[in-house]
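Number of protein chains: 2
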Amino acid sequence: MNDSFNSPLLDDAVRQLGRLPGIGRKTALRLALHILRQEPSMADELAGAITRLRHEMQYCRRCHNVSDSELCPICSSPSRDELTVCVVENVKDVLTVESTGQHRGLYHVLGGLISPIDGIGPADLEIDSLVERVKAEGVKEVILALSPTMEGDTTNFYIFRRLQELPVKVTMLARGLSVGSDLEFTDELTLGRSIQQRILFSSTFANA
Amino acid sequence: MNDSFNSPLLDDAVRQLGRLPGIGRKTALRLALHILRQEPSMADELAGAITRLRHEMQYCRRCHNVSDSELCPICSSPSRDELTVCVVENVKDVLTVESTGQHRGLYHVLGGLISPIDGIGPADLEIDSLVERVKAEGVKEVILALSPTMEGDTTNFYIFRRLQELPVKVTMLARGLSVGSDLEFTDELTLGRSIQQRILFSSTFANA
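Keeping their order, the protein sequence lines are chains A and B.
Quick note: the first sequence uses my numbering, first residue 1, plus one each step.
Quick note: the second sequence uses my numbering, first residue 1, plus one each step.
Chain A with its partners taken away, still in its complex shape (with noise of 0.2 Å):
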């Protein structure tokens, strides 16, 4: 394909969409002259949602979850077990974690994952955050739920060595087998974890 469309205001356009995560040149142009076709109203909607959500979110000053108040209706919900803290790389991560309807605490919003291919360091995550906050709140236990990868299990290592010093208990998400699957075609690195930690049959009646 050519580099350039014969349109600055084209060609632009496909520059900036293609900018996006996992939008190459073809989908950019392909979003673009949908956009050609639609109502302006659409393109202008679609450019205000983006202009107003960078600069007018706002952040949950307990959690870090996105927000359009202070605190969060998680955070500010009288329901929720206040010394149980779920920490959680990103927003999606929350609704996650919600929707399996086993977590009655609170979450803390990391930001992301510890990567040093990528530049991000403990500084830029919101780690010192959660420290203070397991300090100041009394929190019982922090809930690491991370992704089993390698920047997750570095986090999760991060975490625990910054929190070990405190009463506070640390756990982390089960490794195991998934729900529903077939033992034969599990890798051998969960089937081994799941041979490790492998629970007491009881124990899967009590959780119930």
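It is worth saying that the hints were derived from the structure and are not from the lab.
Wrong hints could be hidden among the right ones.
To be verified - Each computed DMTMM-like pair below joins lysine to aspartate or glutamate, with the alpha-carbon atoms no more than 25 Å apart:
| no. | chain 1 | residue 1 | chain 2 | residue 2 |
| --- | --- | --- | --- | --- |
| 1 | A | K92 | B | D11 |
| 2 | B | K26 | A | E45 |
| 3 | A | K92 | B | E39 |
| 4 | B | K26 | A | D44 |
| 5 | A | K26 | B | D44 |
| 6 | B | K169 | B | E132 |
| 7 | A | K92 | B | D44 |
| 8 | A | K26 | B | E45 |
| 9 | B | K92 | A | D12 |
| 10 | B | K26 | A | E89 |
| 11 | B | K26 | A | E151 |
| 12 | B | K26 | A | D118 |
| 13 | A | K26 | B | D68 |
| 14 | B | K169 | B | E98 |
| 15 | A | K26 | B | E89 |
| 16 | B | K92 | A | D44 |
| 17 | B | K26 | A | D93 |
Model the placement of chain B on the given structure of chain A, informed by the hints.
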């Protein structure tokens, strides 16, 4: 996933991004979270490019390709054959045909294909202007370069009917085997057309 992110700003951004073709709710959320992590200037540039694209884009008055001037660079080029016009569905297809280097004439961008299911009729496309142009400019050949789909064939046939009384040769792209493909895996319809429309072996040298 929940319907709401506890933030009307994020909800609105996800809804607007999700209106783009091929972008579902999950992808829209991923894009929105990406935008939130970037510098504010990135959101401004993206929003600005979208707004300018829709409001300031002009079209070549002759071929209806996107253009920042009244006449696009192809139409105003003295080295192109003005009497051969290649009819394409959209702006992307102009680039695709140009990339072959096999067409030295001009273009005519329809802006879509006839598709009763989508409510697109001949009057929604640049077909009247094509007929007018053929008459006014004394075009010698119209090459129909539309996709080999039901909509493309319908549009081909409609344009052919509109032009058949005029002194213009109407041609269409050959259907046949893809270069480099395997006969065994060619569908029967294409193989059948490639037998019906078989070409003299010697003519392949004449065209080279």
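A quick look at each hint next to the structure:
About 12 Å separates the Cα atoms of K92 (chain A) and D11 (chain B), which keeps this hinted pair within 25 Å; it holds. Restraint check: the Cα-Cα separation between K26 (chain B) and E45 (chain A) comes to about 20 Å, which is no more than 25 Å; the hinted pair holds. Taking the CA atoms of K92 (chain A) and E39 (chain B), the gap is about 20 Å. The hint holds against a cut of 25 Å. Among the hinted pairs, K26 (chain B) with D44 (chain A) is consistent with the structure: their alpha-carbon atoms are about 22 Å apart, no more than 25 Å.
About 22 Å separates the Cα atoms of K26 (chain A) and D44 (chain B), which keeps this hinted pair within 25 Å; it holds. Distance check on the hinted pair: K169 (chain B) and E132 (chain B) sit about 15 Å apart at the alpha-carbon level, within 25 Å; holds. Between K92 (chain A) and D44 (chain B) the alpha-carbon distance is near 24 Å, which keeps this suggested pair within the 25 Å criterion. Between K26 (chain A) and E45 (chain B) the alpha-carbon distance is near 20 Å, which keeps this suggested pair within the 25 Å criterion.
Taken as a hint, the K92 (chain B) and D12 (chain A) pair is honoured in the structure, with Cα atoms around 16 Å apart against an allowance of 25 Å. At most 25 Å may separate the alpha-carbon atoms for a hinted pair to count; K26 (chain B) and E89 (chain A) meet this at roughly 16 Å. For the hint pairing K26 (chain B) with E151 (chain A), the CA-to-CA distance comes to about 22 Å; that is within 25 Å, so the pair holds. Of the supplied pair hints, the one linking K26 (chain B) and D118 (chain A) holds, its CA atoms being roughly 23 Å apart against a limit of 25 Å.
Between the alpha carbons of K26 (chain A) and D68 (chain B) the distance comes to roughly 21 Å, so the proposed pair stays at or under 25 Å and holds. Between K169 (chain B) and E98 (chain B), the direct Cα distance comes to roughly 21 Å. Compliance with the 25 Å bound is thereby established for this hinted pair. Restraint check: the Cα-Cα separation between K26 (chain A) and E89 (chain B) comes to about 16 Å, which is no more than 25 Å; the hinted pair holds. Only pairs whose Cα atoms come within 25 Å are accepted, and K92 (chain B) paired with D44 (chain A) is accepted, the gap being roughly 24 Å.
Distance hint between K26 (chain B) and D93 (chain A) is fulfilled; the C-alpha atoms sit about 12 Å from each other, no more than 25 Å.
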